[in-house]
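Protein chains in written order, with numbering that gives the first Met the number 0: chain G, 0 to 345; chain E, 0 to 345; chain W, 0 to 345.
Nothing false has been slipped in among the hints.
The list makes no distinction among identical chains, and a pair is therefore deemed to hold if it is satisfied within one copy or across any two copies.
With a Cα cut of at most 27 Å, we get these calculated DSSO-like pairs of lysine-lysine: (1) Lys51 - Lys255; (2) Lys51 - Lys305; (3) Lys285 - Lys305; (4) Lys285 - Lys21; (5) Lys51 - Lys285; (6) Lys255 - Lys21; (7) Lys21 - Lys51.
Read the hints as simulated data drawn from the structure, not as lab findings. Here the structure is a predicted model, which means the values were calculated and not measured.
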Amino acid sequence: MTRLCRTFQTAPAAVPRENSAKYLDSGLTAEGFEAPDWLAPDIEDGTAPSMKAEALENTIDRLPEYGPDFGGEIWPRVEWSYADPSFRERGVDQIDRLVGEAGDHLDGVVVPKVGRRDDVERARAAVAEAEREYGYDDGSIGLSVIVETARAFSDLREIARLGEDSRLTGLIFGPVDYTAELGGRAMDGQRPQWAAMLERLSNEASAADLVAVGGPFDQLFHERAGVTYYNAPGYADQVTREATIGIDGSWSLHPKQTVQANRIHMPTAEELERDVGKIERFVEAKAEGSGAVVLDGQMVDEATYKNFANTVATVRAIDETHPEQTADRYDADLVERARAVELGFA
Amino acid sequence: MTRLCRTFQTAPAAVPRENSAKYLDSGLTAEGFEAPDWLAPDIEDGTAPSMKAEALENTIDRLPEYGPDFGGEIWPRVEWSYADPSFRERGVDQIDRLVGEAGDHLDGVVVPKVGRRDDVERARAAVAEAEREYGYDDGSIGLSVIVETARAFSDLREIARLGEDSRLTGLIFGPVDYTAELGGRAMDGQRPQWAAMLERLSNEASAADLVAVGGPFDQLFHERAGVTYYNAPGYADQVTREATIGIDGSWSLHPKQTVQANRIHMPTAEELERDVGKIERFVEAKAEGSGAVVLDGQMVDEATYKNFANTVATVRAIDETHPEQTADRYDADLVERARAVELGFA
Amino acid sequence: MTRLCRTFQTAPAAVPRENSAKYLDSGLTAEGFEAPDWLAPDIEDGTAPSMKAEALENTIDRLPEYGPDFGGEIWPRVEWSYADPSFRERGVDQIDRLVGEAGDHLDGVVVPKVGRRDDVERARAAVAEAEREYGYDDGSIGLSVIVETARAFSDLREIARLGEDSRLTGLIFGPVDYTAELGGRAMDGQRPQWAAMLERLSNEASAADLVAVGGPFDQLFHERAGVTYYNAPGYADQVTREATIGIDGSWSLHPKQTVQANRIHMPTAEELERDVGKIERFVEAKAEGSGAVVLDGQMVDEATYKNFANTVATVRAIDETHPEQTADRYDADLVERARAVELGFA
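Please model the entire structure based on the sequences and the hints provided.
Printed below as a string of C-alpha cells:
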C-alpha cells in the first residue's frame, strides 16, 4: 500500500462569510504539515442546506485555480443517502458537474451514507457515467465511500471486494451517523469507540488494497476557567489507536488536526532510525549466512521483517510528495539511509 | 427503531412452589419500573425438565387472564436445539399449543440455541405453520431468536437478513451457552465479555431493523460478612456497556434488574434536557440561516443531530406506553417540550 | 471439542549448529509439561532460506525415529504464499515428500500465508493429491492453516466451513504477518492485540469444529541491568487472554512457553475441585427433583452447566495422553472424582 492518505481533511465548501470559500481556499493552499494528503471540499453535511449550490460552484471555481499546485489529492464529498432517492439524485448531479467542469483536478469523489453493496454499485455507476460523458479514461475518477450505516458494515466485505477490480479507492469510517443509526448513546460522557468495526474496516480495506480512514473527532476545543483551547490530546489518542491497527489515515476537521495526523501516521525519527538500523543489521547477518536472525531478543522472519520495511516504505512515500516534511522530522543522513537501504527480504 | 424493548425479562413458567406460576404471575402483574417491556414466560432452561409440561399449561392458563392488562409484549421462550431434533420437536409442539390456545395474547415466541440460517428458517416455518393452522394473519406472531451458538454468530448477517421481510423481530445474546460452546473460561474470575460479537449483534440488528437484546447477568447476589445483597453495580455496568453500543434492551432475570435496565435504557433528565435544548437551539440557529451550527464546541450536522433526536424519540415511545415512568423521571415541563419539539433535520 | 491442542510449538527444522536438527530433536523428545500437544517442524519462516532443503531432510529423517514415542501430534509447517506461485510450488513439493517419506508419522501439515478460500482449496488439493499418490486413506493427513493475511480473515467464515466435511483441522493466528499486511504499527511500544479478530477466529473454529490456536509471542527475553531473563509474565498474559475467549491452544516458540501454555490451558486444581464439586452438588439437587438449581448465588441451567462440564472433559483428555501432567497438578482423589463424575445434564 503506497497510496498516501495520512489525512483526509474535509473543508466546508461554502460558509456564510464574506469569502464563502474561506475554508476551501485555506485547505487548498495549506503548507508544510498543515497540507492534508487528501482534501475533501465538503458539499454534504458540513455545508448548510441553503449554501449547497454555492458550495458546488466554489469547488468548481477553485479547483482549476489551486488544484495544479496542491500537493495532495482532491476528493469532493457530495450528497447521498441509501435511504432517500432525492439525496441520490442531487449526488448524481453534483458528480456530473464536478467531473464535467473540474474533472482534470479531481482524484475522485467521496460518497457518504451508502447502504448495502447495491447502493455502492449505484454510486459507482454514477461516477462511471460522468467519466464516459466527459471523455475521461475508465477508472480515472476514483470513488471512496463513508462507511457509516449498519447496512454498509453488514456488507463491508462485499463492498470492499468491489474495489478489487474497480475505481473504489477508500473506506472512510463515519462514527457519528453510525452511532445514531445503531441507537448508541454516550453513557457517562463516553461515546462508543467501535473497536471491532474499525478492525474489520482495516482488514477489508487491506484485503482489497483500499485506503482505510478513521472517523472525525469533533470535540475540537475544550474550555477551562474561561479559556478555550485546542483539544490536542483527545485527537492524538484517537489517531494513535487508528494507526496501531493499520488504519492508513485519519479524518481531519481543522488544520491543527491535519498537523497532528500527518505526524502520527509518519514514523518518528526513533522508529525510522530503529527500523533502518534493523534492516541494515538484518542484511548484514543474512550475508553471513545464518538463517533465523535474532535482533534485540526477537527472532526475525519474513513477516517480522515486513514491519521494519513498512516504516521505510512509508517514509519514502512521504519524501516523494512532501520532502519538506521528511526534512523537518529526520536528519538528512537518516533520510539518505532510508532512501538507500535495500528492502527485499529474500 | 421505535419498537420499545428496554427489558427482556425471563420468568420460569413453573417452579416447585405452592403456586407453580409464582414468577410468571409476578412478571405479568408488575407495575411501574418493575414492568418489563417484554416478558418471556420461560418453558426452556429456567424450568426444570420435570416441570416443562406444567410450565406450558401455566403459560396458556395465565396469558388470557393477565395478558389484556399487561402493558408490554409477551414472548414465551420454548425449547429448541440446532443439534438435537427431539428438542426441536418439543419446540414445534409448544409453539403449536401456544398459538392455538393463547395466540390472542402472544406477540411472538423466543427460540433459543438456533444454529445456522437454515435452522432459523425451520423455527420460522414452525411459527408460520401454527399461524396458518389457527387462522392468524401471516406475520402476526413474531419470532425472536437467542444467538448463543458459534453457528448462529457465523451466520448472523444471513440470519438477520431473514428479518428484512419476515416475522423475525429480535436478536437476543446468550453468552453462557456461547462461552461454553466456544470453550471459553473464566480466567482469574473474569468471564469473556464478547465485545466484538456484541458490536456485530447491534450492527446486524440495526441493518435489518430488528431489536437487539444483551445477555443475562446471573451473578444476582453477592455475600459479604454474612450478608447477602443484590449486585446492583454489576448489572448496571453491563447494561451501560450495552446501551453505549446501541443494544436496545437488556435481559432481566429479576424485577430489580428490570427496574435498572428500564432506567438505564431511558434517557436521564439531564440527557433529555440537554438534547431537547440542543434541538431547540439548533432549530433557532437554522432559522437564522447559518449553515454549520456549532453548539458547545461541536459542529452539528445531520448525523450529529440524529443523536439528539434519538433521545427525544425514545422518551416519546416510553411516554406512550408507560406515562407513569416519564412522569416519575422528568419534570412535566420537560416532557411537554419533548412532545412539542420538531424533530426533522432539514 | 476433545482434540487436545493446548500448545502448538514450532521448531526450526534446520539451524546452523553442529546438529542442525537440534531444536527438532529437542521438541520431539521433550517430556512432562515441556512436551507440546502439537509439534510443528518448521520448514518455513523459522528456517533460513539456505537451510530449507536440509530442514526438509531433517524432518523426514527424524519423524520415523522419534515419532512413534512422541505423545502429541506432528504437523510440519511448509512454505506457501497466496501471493507468490513459486512459494506454492515449493510447498506442494514439500507436502509431497513429507507424505511420501514420512506419512506414517504425520498428523497433518500446516500451511501459512493462505489468502482467500480458493487459496485454501489449493492447499487442500495438494494434501489430497499426495495422500492419493502414496496410498493413504482419504482425509487421513490433516491440514491446518495460519490465518495471517487480510484476505484469509475476510474469508474466514468460508474457509472454516471447508472444515465441516474435510481434512481442515485447525485455524492458527499469525499476528506478525497480519499486522505487517494491514500496515499496523507498535505505537508507544504497544502492538495491536486484534481482540475482535481473535473472537472471530474462536467463533468460526467452533462453528466448524476446528481447533483454534493463538499467535506467537516473540518477546521471549527481557534485559534488566545487564541480566537477560525469560519474559514469563508477558507470554502468560497473552495465553490467558486467549483461553478466556475459547482459543483452544497457544503458539509456543520455546520449551518454557510450552510449559506455561500447557498449564494455562489446563484447569487449575481449584477450578477442577470447584467444577467437579458443582457437578456433584448439581447431580444431587437434580435427584431431589428441584428444577432451577441455585449454586453459589448463580442459577444453573444447561448452558451454565456446560461450563463446569468443559473443565472436567478437558482434564480427562489430558489425563489420557499425559497422565504425568494430571498426576503432577491434581490430588489423586480429585483426578479419580473427575474420572468418575457423570457428565450428562438431563
